[in-house]
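**Student:** Sequence:
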Amino acid sequence: MIDWDSVRHEVTGYLQGLIRIDTTNPPGNEIEAARFISDILLAEGFDPVVTESEPGRGNVTARLRGNGSKSAFMLLGHTDVVAVEAEKWSRPPFSGDLHEGCIWGRGALDMKNMVALELMVLLLLKRQGLELSRDVIFAATADEEAGKGNHGIGWLLDNDPGQVEAPVVLTEGGGHDVEVGSQRFVTCQVAQKGICRGRIISRGEPGHGSRPRRGSAVLKLSRAIGALEVVELPIHASRTMAAFIEGIAAHQPADLAASLRALLDPAGFGGFKVVTMTRKSAKTIGAPTGP
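All residue numbers for the sequence shown refer to the working numbering, where the first residue is -3 and numbers rise by one.
Hints were generated in silico from the structure; no laboratory data involved. The beta-carbon is built from N, C-alpha and C at its ideal position, and this holds for glycine as well. Treat the hints with care, since some could be wrong.
Here are the computed distance ranges between Cβ atoms for each label pair [as the list claims (entries may be wrong)]:
id: 1; residue 1: Asp43; residue 2: Gly97; range: 31 to 41 Å
id: 2; residue 1: Cys98; residue 2: Pro163; range: 48 to 58 Å
id: 3; residue 1: Arg4; residue 2: Asp43; range: 22 to 32 Å
Produce the entire structure from the sequences given, and follow the hints as far as they go.
**Tutor:** Laid out in C-alpha coordinates, this is it:
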(Lines of atoms letter the chains of each structure in order from A and count residues from 1; the text may use other names and numbers.)
(Lines give C-alpha, C1' and ligand atoms only; values in the text may rest on other atoms or scores of the structure.)
Protein backbone atom coordinates (compact mmCIF):
# COMPACT_ATOMS: atom_id res chain seq x y z
CA MET A 1 0.00 0.00 0.00
CA ILE A 2 1.17 3.51 -0.83
CA ASP A 3 1.02 6.12 1.94
CA TRP A 4 -0.28 9.00 -0.18
CA ASP A 5 0.05 11.53 2.62
CA SER A 6 3.74 10.72 2.78
CA VAL A 7 4.01 10.91 -1.01
CA ARG A 8 2.34 14.33 -1.03
CA HIS A 9 4.78 15.60 1.56
CA GLU A 10 7.76 14.14 -0.33
CA VAL A 11 6.88 15.48 -3.77
CA THR A 12 6.06 18.87 -2.28
CA GLY A 13 9.58 18.98 -0.86
CA TYR A 14 11.06 18.14 -4.25
CA LEU A 15 9.10 20.95 -5.89
CA GLN A 16 10.12 23.44 -3.22
CA GLY A 17 13.75 22.44 -3.63
CA LEU A 18 13.60 22.92 -7.40
CA ILE A 19 11.92 26.31 -7.11
CA ARG A 20 14.65 27.50 -4.73
CA ILE A 21 17.23 26.94 -7.47
CA ASP A 22 17.21 30.03 -9.69
CA THR A 23 17.23 28.64 -13.23
CA THR A 24 16.10 31.81 -15.00
CA ASN A 25 16.83 31.45 -18.72
CA PRO A 26 18.95 33.18 -19.77
CA PRO A 27 21.46 32.27 -18.42
CA GLY A 28 19.84 29.05 -17.19
CA ASN A 29 22.13 27.51 -14.57
CA GLU A 30 20.10 24.30 -14.94
CA ILE A 31 23.11 22.25 -13.87
CA GLU A 32 22.23 22.96 -10.24
CA ALA A 33 18.74 21.55 -10.74
CA ALA A 34 20.22 18.53 -12.55
CA ARG A 35 22.53 17.83 -9.63
CA PHE A 36 19.68 18.25 -7.13
CA ILE A 37 17.61 15.65 -8.98
CA SER A 38 20.63 13.39 -9.52
CA ASP A 39 21.27 13.22 -5.77
CA ILE A 40 17.69 12.08 -5.18
CA LEU A 41 17.96 9.43 -7.87
CA LEU A 42 21.29 8.15 -6.56
CA ALA A 43 19.82 7.75 -3.08
CA GLU A 44 17.03 5.62 -4.61
CA GLY A 45 19.42 3.28 -6.37
CA PHE A 46 19.27 4.75 -9.87
CA ASP A 47 22.25 5.44 -12.08
CA PRO A 48 21.47 8.96 -13.33
CA VAL A 49 23.41 10.59 -16.15
CA VAL A 50 24.19 14.30 -15.80
CA THR A 51 25.45 16.12 -18.89
CA GLU A 52 26.31 19.72 -19.74
CA SER A 53 25.79 21.02 -23.24
CA GLU A 54 27.98 23.92 -22.14
CA PRO A 55 29.07 25.10 -18.69
CA GLY A 56 26.01 25.61 -16.52
CA ARG A 57 23.49 24.14 -18.97
CA GLY A 58 22.73 20.83 -17.31
CA ASN A 59 20.51 17.85 -18.08
CA VAL A 60 19.80 14.71 -16.08
CA THR A 61 18.31 11.42 -17.25
CA ALA A 62 17.58 8.10 -15.60
CA ARG A 63 16.13 4.80 -16.80
CA LEU A 64 13.99 2.23 -15.03
CA ARG A 65 14.38 -1.03 -16.93
CA GLY A 66 11.44 -3.10 -18.12
CA ASN A 67 11.45 -6.49 -19.78
CA GLY A 68 11.88 -4.92 -23.22
CA SER A 69 8.76 -6.40 -24.77
CA LYS A 70 7.56 -2.90 -25.62
CA SER A 71 9.34 0.29 -26.65
CA ALA A 72 10.49 2.87 -24.12
CA PHE A 73 8.29 5.57 -22.61
CA MET A 74 9.72 8.93 -21.52
CA LEU A 75 8.72 11.35 -18.78
CA LEU A 76 10.13 14.67 -19.99
CA GLY A 77 10.34 18.05 -18.28
CA HIS A 78 12.46 21.19 -18.37
CA THR A 79 14.01 22.88 -15.36
CA ASP A 80 14.59 26.40 -16.71
CA VAL A 81 12.11 29.21 -16.04
CA VAL A 82 11.29 32.59 -17.56
CA ALA A 83 12.51 35.88 -16.09
CA VAL A 84 10.73 37.42 -13.13
CA GLU A 85 10.11 40.92 -11.75
CA ALA A 86 10.53 40.09 -8.08
CA GLU A 87 9.20 43.44 -6.87
CA LYS A 88 5.78 42.62 -8.31
CA TRP A 89 5.45 39.37 -6.39
CA SER A 90 3.66 39.18 -3.05
CA ARG A 91 6.07 36.41 -2.04
CA PRO A 92 9.70 35.92 -3.12
CA PRO A 93 9.65 34.14 -6.50
CA PHE A 94 12.36 31.66 -5.55
CA SER A 95 11.16 30.96 -2.02
CA GLY A 96 9.11 27.84 -2.67
CA ASP A 97 6.83 28.98 0.17
CA LEU A 98 3.95 26.69 1.08
CA HIS A 99 1.08 28.95 2.08
CA GLU A 100 -2.56 27.93 2.54
CA GLY A 101 -2.09 24.82 0.44
CA CYS A 102 -0.32 26.57 -2.45
CA ILE A 103 3.34 26.52 -3.40
CA TRP A 104 4.67 29.92 -4.44
CA GLY A 105 7.51 30.51 -6.84
CA ARG A 106 8.66 30.86 -10.41
CA GLY A 107 8.33 27.48 -12.06
CA ALA A 108 5.57 26.23 -9.77
CA LEU A 109 3.39 25.90 -12.88
CA ASP A 110 5.90 25.94 -15.74
CA MET A 111 7.14 23.38 -15.21
CA LYS A 112 9.00 22.36 -12.07
CA ASN A 113 5.71 21.04 -10.74
CA MET A 114 5.62 18.38 -13.44
CA VAL A 115 9.34 17.66 -13.13
CA ALA A 116 8.79 16.90 -9.43
CA LEU A 117 5.68 14.86 -10.24
CA GLU A 118 7.43 12.79 -12.91
CA LEU A 119 10.38 12.23 -10.60
CA MET A 120 7.97 10.98 -7.91
CA VAL A 121 6.28 8.64 -10.40
CA LEU A 122 9.64 7.13 -11.33
CA LEU A 123 10.54 6.61 -7.68
CA LEU A 124 7.19 4.99 -6.92
CA LEU A 125 7.46 2.63 -9.88
CA LYS A 126 10.80 1.39 -8.56
CA ARG A 127 9.69 1.20 -4.94
CA GLN A 128 6.63 -0.84 -5.87
CA GLY A 129 8.78 -3.33 -7.72
CA LEU A 130 6.37 -3.45 -10.64
CA GLU A 131 7.17 -5.67 -13.60
CA LEU A 132 7.30 -3.27 -16.52
CA SER A 133 6.90 -4.25 -20.16
CA ARG A 134 8.97 -1.26 -21.25
CA ASP A 135 11.78 0.98 -20.02
CA VAL A 136 10.64 4.20 -18.38
CA ILE A 137 13.00 7.11 -19.05
CA PHE A 138 13.05 10.23 -16.89
CA ALA A 139 14.59 13.38 -18.38
CA ALA A 140 14.85 16.83 -16.79
CA THR A 141 16.43 19.10 -19.36
CA ALA A 142 17.63 22.65 -19.92
CA ASP A 143 16.74 25.49 -22.22
CA GLU A 144 13.08 25.17 -23.15
CA GLU A 145 12.05 28.74 -22.43
CA ALA A 146 14.61 30.64 -24.51
CA GLY A 147 16.63 28.23 -26.62
CA LYS A 148 13.81 25.78 -27.38
CA GLY A 149 15.95 22.85 -26.36
CA ASN A 150 19.22 23.82 -28.01
CA HIS A 151 21.03 23.07 -24.75
CA GLY A 152 18.49 20.53 -23.52
CA ILE A 153 16.44 17.86 -25.22
CA GLY A 154 17.57 18.97 -28.69
CA TRP A 155 21.20 18.74 -27.64
CA LEU A 156 20.67 15.27 -26.18
CA LEU A 157 18.98 14.03 -29.36
CA ASP A 158 21.90 15.32 -31.42
CA ASN A 159 24.72 14.22 -29.14
CA ASP A 160 23.54 11.25 -27.08
CA PRO A 161 20.18 10.02 -28.41
CA GLY A 162 20.43 6.74 -26.56
CA GLN A 163 19.58 8.56 -23.35
CA VAL A 164 16.25 9.87 -24.57
CA GLU A 165 15.04 7.89 -27.57
CA ALA A 166 11.42 6.92 -26.99
CA PRO A 167 8.47 6.81 -29.39
CA VAL A 168 6.05 8.01 -26.70
CA VAL A 169 6.75 11.05 -24.53
CA LEU A 170 4.68 12.60 -21.75
CA THR A 171 5.47 16.27 -21.16
CA GLU A 172 3.89 19.66 -20.49
CA GLY A 173 1.09 21.46 -22.30
CA GLY A 174 -0.87 18.32 -23.04
CA GLY A 175 -4.12 19.16 -21.29
CA HIS A 176 -5.74 19.94 -17.97
CA ASP A 177 -8.71 18.86 -15.91
CA VAL A 178 -12.17 19.90 -17.10
CA GLU A 179 -15.64 19.50 -15.69
CA VAL A 180 -18.45 18.26 -17.92
CA GLY A 181 -21.78 17.93 -16.18
CA SER A 182 -21.04 16.61 -12.72
CA GLN A 183 -17.92 14.70 -13.77
CA ARG A 184 -14.27 15.80 -13.80
CA PHE A 185 -11.97 14.56 -16.54
CA VAL A 186 -8.20 14.82 -16.97
CA THR A 187 -7.30 15.50 -20.58
CA CYS A 188 -4.28 14.20 -22.46
CA GLN A 189 -3.51 15.79 -25.82
CA VAL A 190 -1.81 13.62 -28.42
CA ALA A 191 0.87 15.25 -30.60
CA GLN A 192 0.02 18.61 -29.04
CA LYS A 193 3.38 20.01 -30.07
CA GLY A 194 3.10 18.99 -33.71
CA ILE A 195 3.04 21.45 -36.60
CA CYS A 196 1.64 21.46 -40.11
CA ARG A 197 3.32 23.54 -42.79
CA GLY A 198 1.85 24.50 -46.12
CA ARG A 199 2.89 26.41 -49.23
CA ILE A 200 0.75 28.82 -51.22
CA ILE A 201 1.79 29.77 -54.75
CA SER A 202 0.20 32.83 -56.31
CA ARG A 203 0.55 33.81 -59.95
CA GLY A 204 -0.33 37.16 -61.51
CA GLU A 205 0.70 39.96 -63.80
CA PRO A 206 4.07 41.54 -63.00
CA GLY A 207 4.34 45.24 -62.31
CA HIS A 208 6.13 47.96 -60.39
CA GLY A 209 5.59 48.98 -56.81
CA SER A 210 4.77 52.53 -57.87
CA ARG A 211 1.81 51.33 -59.94
CA PRO A 212 0.01 48.46 -58.17
CA ARG A 213 -2.00 46.21 -60.48
CA ARG A 214 -5.22 44.50 -59.44
CA GLY A 215 -4.14 41.22 -60.99
CA SER A 216 -0.83 41.06 -59.16
CA ALA A 217 0.26 37.89 -57.40
CA VAL A 218 0.61 39.73 -54.08
CA LEU A 219 -3.01 40.93 -54.07
CA LYS A 220 -4.28 37.48 -54.97
CA LEU A 221 -2.20 36.01 -52.17
CA SER A 222 -3.49 38.56 -49.64
CA ARG A 223 -7.11 37.68 -50.50
CA ALA A 224 -6.41 33.99 -50.04
CA ILE A 225 -4.72 34.52 -46.67
CA GLY A 226 -7.46 36.90 -45.52
CA ALA A 227 -10.07 34.26 -46.30
CA LEU A 228 -8.49 31.97 -43.69
CA GLU A 229 -9.77 34.34 -40.99
CA VAL A 230 -13.40 33.49 -41.68
CA VAL A 231 -13.31 29.97 -43.07
CA GLU A 232 -14.53 27.12 -40.88
CA LEU A 233 -12.39 24.16 -41.87
CA PRO A 234 -13.92 20.67 -41.72
CA ILE A 235 -13.13 18.51 -38.74
CA HIS A 236 -11.05 15.37 -39.08
CA ALA A 237 -11.66 13.28 -35.97
CA SER A 238 -8.67 11.14 -35.06
CA ARG A 239 -9.07 7.89 -33.16
CA THR A 240 -7.78 9.52 -29.99
CA MET A 241 -10.19 12.45 -30.30
CA ALA A 242 -13.09 10.05 -30.89
CA ALA A 243 -12.06 8.02 -27.84
CA PHE A 244 -11.86 11.21 -25.76
CA ILE A 245 -15.34 12.40 -26.79
CA GLU A 246 -16.83 8.94 -26.33
CA GLY A 247 -15.20 8.61 -22.93
CA ILE A 248 -16.84 11.82 -21.72
CA ALA A 249 -20.18 11.10 -23.41
CA ALA A 250 -20.42 7.72 -21.69
CA HIS A 251 -20.76 9.49 -18.33
CA GLN A 252 -23.32 12.11 -19.36
CA PRO A 253 -27.11 12.24 -19.61
CA ALA A 254 -28.52 11.11 -22.94
CA ASP A 255 -29.15 14.59 -24.38
CA LEU A 256 -25.69 15.89 -23.51
CA ALA A 257 -24.08 12.66 -24.70
CA ALA A 258 -25.81 13.03 -28.05
CA SER A 259 -24.57 16.61 -28.39
CA LEU A 260 -21.02 15.53 -27.62
CA ARG A 261 -21.11 12.71 -30.16
CA ALA A 262 -22.42 15.18 -32.75
CA LEU A 263 -19.03 16.89 -32.53
CA LEU A 264 -17.59 13.92 -34.38
CA ASP A 265 -19.87 14.56 -37.36
CA PRO A 266 -17.99 16.82 -39.83
CA ALA A 267 -21.26 18.12 -41.28
CA GLY A 268 -22.50 19.37 -37.95
CA PHE A 269 -19.35 20.39 -36.12
CA GLY A 270 -19.69 23.73 -34.38
CA GLY A 271 -23.16 24.24 -35.84
CA PHE A 272 -21.83 24.80 -39.36
CA LYS A 273 -22.40 22.85 -42.53
CA VAL A 274 -19.74 22.02 -45.10
CA VAL A 275 -17.21 24.72 -45.89
CA THR A 276 -15.74 25.11 -49.37
CA MET A 277 -12.85 27.06 -50.81
CA THR A 278 -13.02 28.56 -54.29
CA ARG A 279 -10.30 30.15 -56.38
CA LYS A 280 -11.70 33.59 -55.65
CA SER A 281 -12.74 33.37 -52.04
CA ALA A 282 -13.70 31.17 -49.10
CA LYS A 283 -17.31 31.00 -48.06
CA THR A 284 -19.47 29.09 -45.64
CA ILE A 285 -22.27 27.11 -47.18
CA GLY A 286 -25.23 27.37 -44.84
CA ALA A 287 -25.37 29.13 -41.52
CA PRO A 288 -25.02 28.34 -37.83
CA THR A 289 -27.74 25.96 -36.71
CA GLY A 290 -27.63 27.17 -33.12
CA PRO A 291 -27.39 30.49 -31.28
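**Student:** What are the numbers of the hints that this structure violates, sorted from low to high?
**Tutor:** 2
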